[in-house]
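Chemist: For reference, the chains in residue letters:
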Amino acid sequence: MKTTPDNSGDVRLSGISKTYGSFTAVHPLDLTVPEGSFFALLGASGCGKTTTLRMIAGLEEPTTGTVRLGDQDVTHLPPYKRPVNTVFQSYALFPHLDIFENVAFGLRRRGIKSVKKQVEEMLELVQLGEQARKKPHQLSGGQQQRVAVARALINHPKVLLLDEPLGALDLKLRRQMQLELKRIQTEVGITFVHVTHDQEEAMTMADTVAVMNGGRVEQLGAPADLYENPRTTFVANFLGTSNLIEAEVDTKSGEDIVLKAGGGKLVLPEARCSAPATSGGKVLVGIRPEKISLTHADDAGSIPAGRNRLTGTIADASFIGVSTQYVIDSPVCDELSVYVQNVERDGRLVPGADVVLHWSPAHTFGLDAAQDIDAGTEEEVAA
Amino acid sequence: MPFVNWLKRHLVVIAGLLTLAYLLLPNVIVTVFSFNQPKGRFNYEWQRFSTDAWQDPCGVAGMCGSLSLSLQIALWATVGATILGTMIAFALVRYRFRARGAVSSLIFLPMAMPEVVMAASLLTLFLNMGAQLGFWTVLIAHIMFCLSFVVTAVKARVMSMDPRLEEAARDLYAGPVQTFLRVTLPIAAPGIAAGALLSFALSFDDFIITNFNAGSTVTFPMFVWGSAQRGTPVQINVIGTAMFLVAVLLVLVSMVVGNRRNKQKA
Amino acid sequence: MSTLTEAPPPLSPTAPEKKPPRRRGRFTPYWLLLPGILWLVVFFALPMIYQASTSVQTGSLEEGYKVTWHFATYWDALSEYWPQFLRSVFYAAAATVLCLLLGYPLAYLIAFRAGRWRNLIMILVIAPFFTSFLIRTLAWKTILADNGVVVQTLGSLHVLDVTSWLGWTAGDRVLATPLAVVCGLTYNFLPFMILPLYTSLERIDGRLHEAAGDLYARPWTTFRKVTFPLSMPGVVSGTLLTFIPAAGDYVNAELLGSTDTRMIGNVIQTQFLRILDYPTAAALSFILMAAILAMVTLYIRRSGTEDLV
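Chains as they are written, first to last, in the numbering used here: chain E, 1 to 383; chain H, 384 to 649; chain L, 650 to 958.
This is chain E alone, in the form it adopts within the complex (with noise of 0.2 Å):
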């Protein structure tokens, strides 16, 4: 593996995996986390995503592999002398200590006597300069969730862990420090390795999002390209929600493989399948419910050519403001969706109306179809 001397910042795990017993929580898993970045582990409960974050802040040890910060090896390193700080689920403050020892306790565990005026200067950064005597009791859950990150940061560490920072907080005020998390990152221009189980979250504020399931990277990617070109179901169904059909696969003509559903032809560029596309053999294709347009059967000579197109009836629509959201019984597949923007509402599309869902050949992506269909869709979560 090749090293630069100056990415200290850097985060690499080779082949790291956790066992407890017979559970397998993390299996061997590589992963590079450049300096600088923004880097999101999502995935559900129980995906592994946290005993990942534990391995690197040093709260757990990895059964097998190694854990590197740049070119330093701190597998076998206690947490309390690697430079990587942790901002906890639920924050863990010290409810014994106000806000400013708080603050001041990583500078004061490493021997630094004069801390009031770098402790201030964090207060004031996330604008608790007045809190500084409070207990933690004493503060809302947002100016909690402050004291946590000036806690972890204080001590400039290479790698800042958040793990579920913002779980804990409602949904206005999640949005607020969003934001904010990703001011203080671009600001400060440390690696922050954040854990959620909030897709949108994620997406957000990461530059870089590794979806986990079952203790392994599902894929790992931009949010844009993981949510375009989604490479399993359950990235697929994990991010926002996919229609996934089944297909067979007929011909490939060019750059383009011609599938056969029911009794229509799907079209799918080769480059964006990520299954073995073999002459008959089976393939998931996917297509986002608001890449689909819907045109009322009577008027489905004026679709244009080349577009991919689903004939199918409305089960059920429901009004949302922005769009409509359509629930489509077709023959290839029951229940699609479908989002309209409420631009220019057709009034015929309602319940019970035959439909053509058609949509462009470019936003189709294929999946193998061996995988479970369902995976990642909120219902399998939460089972």
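Rather than coming from a laboratory, the hints here were simulated on the basis of the structure. Each hint should be verified, as a subset may be incorrect.
Claimed, not checked - Only part of the chain H face toward chain E is listed, based on derived beta-carbon distances under 8 Å: (1) Ala551; (2) Ile570; (3) Gly641.
The C-beta atom is built at its ideal place from N, Cα and C for all residues, glycine as well.
Position chains H and L relative to chain E; hints supplied.
Modeler: Below, chains H and L alone, put in the same frame as chain E:
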């Protein structure tokens, strides 16, 4: 029927206050009779007001000596039981180990055992070993029965403590010793204090186990017991009243101080 | 030879990884447990064994005792002292029921109705602890004195006639009767009932009362169907904390009772400290222990709260 309705609504309060009166009545009697000037050897019947006993609280042979002995034993029993009990509590909450069930039973049983059984069996042991009954046998016995109560009190506190707090300390450059001294101990302190306080009260007031294992050593409860046979000096009531007042006063002061501190900070 | 079984694995350059140093020793819990557990083993468990062995010994103080597996001691002790055993169980049960009846309203009052008086009442419940219980028990001699207000009032209301007919009191006296002993036991162990009751009542969410009321439950029904079942852990540990020490107590029977109210604790104490008949005393004490353990185990099973510890 407004009165019946009122009675119905406040029945619980009235019953509760009556129970409280039942609990406090003996203390009132003890206090009132500390100002008595009894006719005979026993101080059970009111004769006339006098402050003699208050002016000479140690005027009875042996009583203040037994009081100071009880205080010493209670102090050392508290120290011993608190240290040993806290260690056990931490082991129980924080570690996995073999024979956990056996350890838990061994902690629970002394609390579920009538005192007289423990007293008698301990005496059998001491007699078999040929031990000299006295200060040390009493202290050993007191540490033994206080231990379980400390474990219970500390365990409850440590269990309710968020393990992430210690992880946070380790994450913030505190080594194992620093983590224990700066975070674990201060947060567990109320539980340890509760256990220690309980130990002190239990040890100071213990009669049955002490009676079996003290030999000719006389603690304060044993002095009171003896005087119930020979004649009860008024000074006993003086000591009882003084202890009650000191306890209430200490608690009230600590509450007022606590309240003021909270108000200042809020 | 340890070399055969505990030889370290050969150090080879191809060993994949150095074993990490253990942050927390595997033996730490044992070191933490050792002193305290040793104390309990030597001064609690071992004495029980000594006592069991003493109970089957024969001999005399002068000649010394030998283990002769003389189980007849148990039979003799039981056949001679069964009234005291029965009396202990009966008095302790009566005191426990009284404690529950008296303690519940007070615990309820502190938990739900006391408002800003809560802390003060709490202090008043605990504070008597700090006055020696012997002194406080002696005060009952004054309260229940033959010519005192309580006894005079009860007498003129003819209550004492009824209680005497029931065998609880004797003539126009309360002192030196079963009633006085039970009264003293109740008084002494009442805080042990109130505190666990309060703890479990305090945990009940006040909104449950409102929900019950909202669902057409009258106050009494709310109590029966919601509050009381939820306070069961407190009731169970409260009754145990009252019954166990009450059954083994001899102080109240000695100070407030007479020779007719002697409990098993009195017998054990006398046998041990005055008559010096160690085998009989040990056998009695062993029977008491076994009986109480059996009752407690059965009770905990029946009430379904096994996580008391």
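Chemist: Each of the hints needs a verdict: does it hold here or not?
Modeler: Right, here's what the structure says about each hint:
A least Cβ separation of about 4 Å between H:Ala551 and chain E falls short of the 8 Å threshold, and the interface hint therefore holds. The beta carbon of H:Ile570 comes within 6 Å of a beta carbon in chain E, closer than 8 Å, and the hint placing it at the interface holds. The interface hint given for H:Gly641 is violated, since its Cβ lies 13 Å from the closest Cβ of chain E, which is over the 8 Å cut-off.
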